[in-house]
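Visitor: Protein chains in written order, with the working numbering: chain A, 1 to 350; chain B, 351 to 756.
Calculated directly from the structure, the hints in this document are not laboratory data.
It is possible that part of the hints are untrue.
Stated by the list, open to error - Cross-link-like lysine-lysine pairs, in silico, DSS-like; alpha carbons within 25 Å at most:
(1) B/LYS506 x B/LYS590
(2) B/LYS590 x A/LYS155
(3) B/LYS734 x A/LYS242
(4) B/LYS506 x A/LYS233
Owing to the predicted nature of the structure, the values given are computational and were not obtained by experimental measurement.
Spelled out, the chains give:
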Amino acid sequence: MKIYIRSAAAISAQDTFGNVTFSIVPISYQGNVLKTKEPDYKNYIDPKLARRMSRIIRMGVAAALQCLRDAHAENVDAIVTGTAYGCLEDTGVFLSRLIEQQEEMLSPTAFIQSTHNTVGAQIALTLQCTNYNNTFVHKAFSFESALLDSILLLKENEAKTVLVGGTDEITKYSFDILRRFNLYKQESADSLQLMQSATVGTIAGEGSNFFLLSSEPSATDYAVLDGVATLYKPEDVNAIEKGIQQFLASHSVSIDDISCVVSGNDGDSRNANVRHSLDSGVFAGKRIVHYKQLTGEYPTSSSFALWLAANMIYRSQPVFEGLLYAKPKKILVYNNYQNTHHSFMLLSAI
Amino acid sequence: MQDQSNIQSRVYVAGTGVISAIGNNVEECLASLEKGEAGMGGITMLDTIHRNQIPVAEVKLSNEALAARLNVSPLLSRTALLSMMAAKEALQQANIPSLSNLRTGFISANTVGGMDKSEQFFEAFLTDAEKGRLRDVVNHECGSVTELVADALNIKDYVTTISTACSSSANAIFFGARLIRHGMLDVVVAGGTDALTKFTLNGFNTLMILDREYCKPFDENRQGLNLGEGAGYVVLVSEKVAATLADLPTSYLSGYCNKNDAYHQTASSPDGRGSYMAMQGALAMSGLQPADVDYINLHGTGTQNNDQAEGTAIQRLFEPHYPKMSSTKSFTGHTLGASGGIEAVFSVLALKHGLVYPNLRLQTPIEAFPFAAETKLLTNQPLKHVLSNSFGFGGNCSSLIFSNIA
């Protein structure tokens, strides 16, 4: 069975959402955190409802609705969400009030919206969709797990259409905590130069990227999604290479068939060895396209990579000006998150 | 993982593991269920102003005691410690020969992650962003809790985490079954865990759905739920693996379904449309009629809203042939992300031992319904099919059906 990407919507730090003009002119940021360019939500959500929603919920609902609009679909047979951190803003609000007010006079609103499945639930409420609804919350496998669940639902014929997305938000608290783990660069530099960086750390990012998948072809399909796989804590770079070869072989493809690799390098000097080993090893001679200089690093950033790869196959002009070329036949998306979570996605032209 | 689908194949339950307020393992929990001994009591572990006011169902081992039994650091999140206890027991009980040669997955659910530690971290952090011990927040994420346990079990082939509020573990169990049916894994340890935290205690308290007495699910005069903690896992195996076991498994997962109520972020629709569709879908998958179900392990939280919605859905689906039913949350409290896993274990034990558990403290069955939950333990029951319900915030409704092979 072939699985078609019928539409794709990305809210990112770049001009990727709404009426997108391709090629997109990449925006450069200074500093070590990239926030999304949020759309005007009144085109998607009743302003009264939007006021009560935190940013991640608004971003999730808007990206989901844009996907449906682009696919001319009114509803879907399943909604599957991936989010590593969940609703951090509401979690932070409830937790800080709980401590500051010493457990007294608390309001339930932030607690209610702090559960990890709130984005998926609010999409279901908005669409009045009573079908299958699931949320995966496994670090940098959150989106990949959601994607696998979606593929299985289509193969099982439990669904003809699945809305699947990856989303994570940065909050003041989360950034203040994560930077203490030395995840981010100390210096302030041009974000678009992230891949040329030789220093420790990456840039923090966030985003919301949704897709409408279908087991039936349509006139506007972006690409065919051949499959997804994850590799948890491989022993060394050889195990990663082996994982890539096995993944490709399981789809009856060899590395020679791949026209382009969309690679999730994070510009952290601590991960440079793995990057260089793969680039000069299994990926040698391949065109390698990076994306984290556009979005920053976050656990579900691979969902942006899927958006990028699907658009590269679909669009007749480069997706980003000067950065990428158009119309590859087969793309391997490879993500490396902190050298513990590796994942692979394979896409083909229709 | 290569897809070699046989979506019709049977997925067997080869082992179970559980820890809850009524026992630290399967044997202890079963004994409490048979004796009708509930696990609720005062709050002893959390440093909260609600001590002596709100009853909870605590696991009776401290973090230090859990860590000593597991030979790990007592500084780990309690969510992970509870998970390790139950998941290890489940794998030991399954006793699968040459497990290391099989493709094994760990699919765990939770809703709080390492929040028990994060809320300690936050006290210092809020005074100064450079303060708070990082070791207390490093495993905040739900997925980190899963990975601590996966690493302790040495499971690497597939690891993931599901969080759909109180239906989380039910979804983890049947996602695991589907990965086996698709031929992608041979063995899956699936279920969920959650520890009591100030975050959830205060959250549910603001919603005013915590009973100040021990909860009375499906009682006309029910006043809300008691929060609990624990973990429950089943070991699911393919037909091929089942055939290699010394003791052939006696039960299998015959049906499952996930639907959404799409009514309100926290409240269930009055007619329980999500619950109705989840139960109906699970029956359809297992090829059963409503009259074939022998026992329903209810979601039965004890809140006005849940029991009314769940009961209405049961009435619509089962009338006039009502199965026996009870809520074991009257023993364990509501363990949130762990409840589907703990209750899956109890459902499998009900099938194995021919038991229908009592619904404790039930005095006046809900007057609007023509059925009532069981108040006494029933033994020697010829159970063939048990339905387990798990419903949660966000309208998430999931039902599982476990069946005996005989």
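Visitor: Give a verdict on every hint.
Guide: Hint by hint, here is what the structure shows:
no., hint, in the structure
1, B/LYS506 x B/LYS590, "21 Å, holds"
2, B/LYS590 x A/LYS155, "22 Å, holds"
3, B/LYS734 x A/LYS242, "46 Å, violated"
4, B/LYS506 x A/LYS233, "8 Å, holds"
Going through the hint list in order, the structure does not satisfy hint 3, though it satisfies all others.
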